[in-house]
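Engineer: Here are the chains, one letter per residue:
Number of protein chains: 2
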Amino acid sequence: MSEEKENIQFELTDELIESVELLIEEQNDKELRKFLSDFHYADVAEILDELNLDEAIYVIKLLDSETTSDILMELDEDNREKVLDQLSSKEIAEEVEELDTDDAADIIAELSEERQLEVISQIEDEEHKAEIRELLAYDEDTAGGLMAKELVKVYETWTVAGCLRRIRGQAKDVKRVHSIYVVDKQDKLIGRLSLKDLIVAKSDQKIADIYIKSVDYVTVDEDAEEVARVMQKYDLEAIPVIDENQTLLGRITIDDIVDVIREEADKDYQMAAGISQDVDSDDSIWKLTKARLPWLLIGVFGGIGAASIISGFSEAMLKFPELLLFIPLIQATAGNVGVQSSAIVVQGLANDTIDGNIVKRLFKEFGLGLVNGLAIACVALVISHFGFGTTYHVSITIGVALISVIVMAALIGTFIPIVLDKRGIDPAVATGPFITTSNDVFGILIYFLIAKLILGF
Amino acid sequence: MSEEKENIQFELTDELIESVELLIEEQNDKELRKFLSDFHYADVAEILDELNLDEAIYVIKLLDSETTSDILMELDEDNREKVLDQLSSKEIAEEVEELDTDDAADIIAELSEERQLEVISQIEDEEHKAEIRELLAYDEDTAGGLMAKELVKVYETWTVAGCLRRIRGQAKDVKRVHSIYVVDKQDKLIGRLSLKDLIVAKSDQKIADIYIKSVDYVTVDEDAEEVARVMQKYDLEAIPVIDENQTLLGRITIDDIVDVIREEADKDYQMAAGISQDVDSDDSIWKLTKARLPWLLIGVFGGIGAASIISGFSEAMLKFPELLLFIPLIQATAGNVGVQSSAIVVQGLANDTIDGNIVKRLFKEFGLGLVNGLAIACVALVISHFGFGTTYHVSITIGVALISVIVMAALIGTFIPIVLDKRGIDPAVATGPFITTSNDVFGILIYFLIAKLILGF
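Chains A and B are the protein sequences, given in the same order. If you're matching positions, the first sequence starts at 1 in full-length UniProt numbering and goes up one per residue. If you're matching positions, the second sequence starts at 1 in full-length UniProt numbering and goes up one per residue.
Careful, some of the hints might be misleading.
Any copy, or any two copies together, can satisfy a pair, since identical chains are not distinguished.
What the hints assert, rightly or not - Here are the simulated DSBU-like pairs of lysine-lysine, each with C-alpha atoms no more than 30 angstroms apart in a straight line:
1) K287 - K267
2) K287 - K360
3) K188 - K202
4) K90 - K61
5) K196 - K129
Rather than coming from a laboratory, the hints here were simulated on the basis of the structure. Keep in mind the model is a prediction, meaning the values are calculated, not measured.
Given the sequences, and given the hints that come with them, work out the whole structure.
Structural biologist: Below is the structure:
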């Protein structure tokens with residue numbers, strides 16, 4: 001057994017890709033099928049992502065739809081779109097027949113409306129078709145958009161033996177049985193059971209006597225992020241979804257939630273870095289530019305704002321030209337502090353560890369700003385005076401300005417995300433370039449105002 | 001059934017906390033026990049996180065260790081440390097007896113070495129004790145550090161009926177049976193089975209005839225992040241852990257991986273924001289300062305570097321004072337581009353979507369920098385000329401400098417994380433203040449060099 005091929009050791013090498021390309025070129029279908037059958041479908045998807053479109057289509061058409069449907073789900077989204085474009089509605093319908101309802105609905109949702117109807121009409125299994133139609137009606141960012149219709153459901157009136165016999169049938173359609181959901185005659189969710197409970201129970205016991213009455217659930221219109229939060233908090237591997245009448249509609253499994261968590265984290269991270277669309281490093285220059293340029297323009301307008309402020313203090317420039325040397329210092333510090341404060345707030349909001357008291361939080365940031373500001377100001381004061389020979393007055397100006405700028409940046413960085421969140425706007429937009437830019441401009445303004453106050457120009 | 005209390009509706013209100021505090025003050029143990037028994041342990045942990053230490057200890061000592069062990073695991077790490085400080089070694093040992101081996105080892109690992117020995121010596125269950133000792137020996141960032149010893153294991157020689165009978169015993173210790181692992185006589189992992197397979201099989205079949213030979217696994221010294229990547233890629237809910245001889249040692253479940261993914265994402269996010277320790281908004285000002293101040297100091301030294309560069313070009317300041325107005329623009333743009341580029345690379349490295357070809361990637365960033373640079377330069381050129389009345393030469397200087405600075409920032413932002421990653425250093429350190437600061441300084445230097453070239457001062 002020890003020589004068997006293990007997925008974990010899979011490595012995408014140039015040689016591997018070349019072997020596949022050669023087999024495609026030779027149209028050596030038998031060898032190609034044999035070669036690819038050694039790999040997990042997620043690995044085959046990685047290989048296809050490296051091939052050109054014609055080669056990928058060749059492989060998709062070669063393998064049977066049971067395999068290719070799983071491969072399709074794992075392909076890079078852009079590549080999947082291209083592949084689907086090359087398949088007929090009939091071919092897509094065949095792939096969709098093999099998929100669980102949640103994946104099937106996700107794939108169909110990526111098609112144009114016209115093609116969606118064509119594909120659905122070609123699905124032969126009427127039950128599957130109806131279930132996919134139902135799922136397509138839900139918003140993708142809700143529990144309904146995440147759930148699958150495949151689940152194992154038993155009635156409270158059944159016996160353990162009858163139950164085991166019957167779920168053998170249901171379980172064939174369900175890849176993994178997480179929980180068995182117990183319903184009453186009206187299909188209302190009333191509890192749950194694990195396969196383990198069923199195995200451990202005596203065969204003549206009634207389900208009504210052994211099922212667990214406390215069951216977590218979400219309603220079908222619950223926000224996807226909230227579902228993720230609940231499943232994480234309670235360490236759930238699956239959660240049933242019900243409608244407003246408590247009727248059991250479907251279930252959400254943890255693997256889909258892992259994707260939600262990842263996407264959410266990736267989105268927040270990109271937002272903080274000033275990237276507004278979900279892009280990755282393999283995307284085209286055009287797509288990357290669309291995601292990056294708008295944020296750079298925000299920075300440009302901030303820079304222009306800063307230029308206006310500086311030119312408004314031109315007398316100061318003549319009298320105290322050394323003040324200008326420290327503009328980059330003020331600006332960098334304001335930006336850094338703002339990003340730190342906003343990141344902590346945004347993360348706290350995402351992890352639900354921030355309570356409502358905004359005044360208390362601002363007070364704390366104020367204290368934190370003072371502590372950091374004093375430390376930074378001392379360093380800058382000493383360096384400017386001894387390193388650059390600035391007068392005491394100018395050095396003190398720089399120190400006082402740094403403390404004020406740090407306190408202000410901390411307050412702005414804390415305040416804005418909380419306010420956005422309260423108004424239902426994603427607070428993550430207020431990280432990165434947005435907060436840096438506003439703090440840059442305010443920081444420079446404060447710097448010159450304090451200089452004016454202390455130096456009196 | 002419809003009126004039963006559901007976890008999902010839990011909300012931490014001030015009234016709720018006050019009720020608990022009142023019951024503690026009154027020492028109304030019976031009511032308090034009854035009140036708290038309505039909540040999931042994760043919710044009780046949230047309540048305890050809001051109480052003061054004495055109150056929390058009161059509740060911990062009141063409830064039985066089966067409940068409190070789970071509550072302890074869910075407490076905020078800082079609070080758990082304080083609570084554990086107040087418990088005797090005997091009391092901690094009692095909590096630990098109730099926990100799965102992975103959680104038990106995690107709790108013990110948080111204690112001082114001396115207390116670890118005391119607590120372990122007080123554990124009564126000898127097998128549990130030995131398993132915890134084994135787990136404590138593994139590095140926490142490896143598969144060994146994540147795994148639990150609880151699993152269901154069957155020998156290939158057993159029959160389905162015998163197997164079901166025997167795993168009833170094993171399964172009692174295992175909260176959730178994900179997979180049943182099949183081993184040979186030497187306890188070497190040779191395959192897997194699901195409970196479903198077992199139920200669907202005939203009772204006189206041999207395990208050897210029905211088990212699935214392809215099984216994913218990780219070795220005990222595998223990196224935790226790699227385990228997370230594999231489990232996500234292959235949609236696994238549990239993965240067995242083996243040693244170098246293929247002997248089955250334990251298993252890792254997806255809920256622990258969800259935590260790894262979250263922590264990893266949080267860490268990268270904080271690093272990008274210039275926060276070097278795992279902190280959250282509830283931490284003390286002192287802890288937050290320790291996490292934030294070092295990065296601000298990097299910014300200060302960058303600012304001082306920028307000041308030196310500017311003072312080195314003092315002739316230019318006299319001849320073309322308007323150049324100084326646009327220092328913030330140059331600096332902001334350099335910083336923003338650097339953060340964007342590094343974020344994309346760091347995320348690509350984390351998601352394993354970046355292949356090795358560094359030259360190709362730099363070429364792409366070069367192209368991207370040119371496109372973005374041209375767009376930004378045009379905007380800045382027009383605004384500086386018409387808005388600030390700079391001469392054509394100065395406006396062109398600003399435009400050319402912006403293009404050069406953007407290209408440079410994109411290249412540095414891409415190059416540094418890749419190089420760090422190749423050298424085994426976490427590339428996430430090269431995001432945020434680090435990359436912003438270096439790009440600020442280089443940006444300003446390039447700006448003046450280009451000005452010198454074009455304006456010839």
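Engineer: Reference check for the pair K196 and K129, CA-CA at most 30 angstroms: within, between, both, or neither?
Structural biologist: between (32 angstroms within a copy, 26 angstroms between copies)
Engineer: Is it within a copy, between copies, both, or neither that the alpha carbon of K287 lies no farther than 30 angstroms from that of K360?
Structural biologist: Between copies, since 18 angstroms is at most 30 angstroms while 42 angstroms is not.
Engineer: Are the CA atoms of K287 and K267 at most 30 angstroms apart within a copy, between copies, both, or neither?
Structural biologist: both (16 angstroms within a copy, 27 angstroms between copies)
Engineer: Treating 30 angstroms as the Cα threshold, decide for K188 and K202: within, between, both or neither.
Structural biologist: within (25 angstroms within a copy, 33 angstroms between copies)
Engineer: My question is about K90 and K61: at a cut-off of 30 angstroms on alpha-carbon distance, are they close within one copy, between copies, both, or neither?
Structural biologist: Classified as within: same-chain Cα gap 12 angstroms, cross-chain 65 angstroms, threshold 30 angstroms.
Against the hints set out earlier in the document, no violation occurs for any number.
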